[in-house]
Amino acid sequence: MQVELYKMVFLLAVFALYCCSLHVKACNETLTYPSGVITSPNYPAFYNDSIYCTYELYSPFGYIINLRVEEVEFECCAVISDCDYLEIYNGSETTQYVDRFCSNGVRTYSSQQFFLVFRTDLQGGDIGFKMLYSWLSR
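The sequence shown begins at 1 in UniProt numbering and counts up by one.
Watch out, some of these pointers could steer you wrong.
Pairwise CB distance ranges (calculated) [as the list claims (entries may be wrong)]:
#, residue 1, residue 2, range
1, 71, 136, 18 to 24 Å
2, 58, 107, 19 to 25 Å
3, 49, 70, 21 to 27 Å
4, 41, 137, 19 to 25 Å
Simulated from the structure, these hints should not be mistaken for lab results.
Positions of the beta carbon are idealized from the N, C-alpha and C atoms, including for glycine.
Generate the whole structure from the sequences, applying the supplied hints.
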């Protein structure tokens, strides 16, 4: 009986890892699904002005998150803090800074936990960003 229960739990976990994903377009989300897509609000249409969005990604013990930045199109300027940008932190809140950018380029990161910040200024805009994430067994 106990072996059957373990088999059932294992099969449900495999199903969740390979079949279930989430597409997030909202702000201020905590993501605990095994895989998904994260986009800026309104993507692929232009995002609004004065946005402050956060996204927290967690994986369970024994897994890491593979985070792949697929597309980034922001209003950029010489001083990045004066325009629109995406920040990636390793851990919760703003514990360990990893990257900040406003230009396109595929990037991949791995960690057990991420904290993302998307901030826009008072004017201008673009299509924003698209990221894919998935849990990988360690």
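Hint check against the structure, violated hint numbers in rising order: 4
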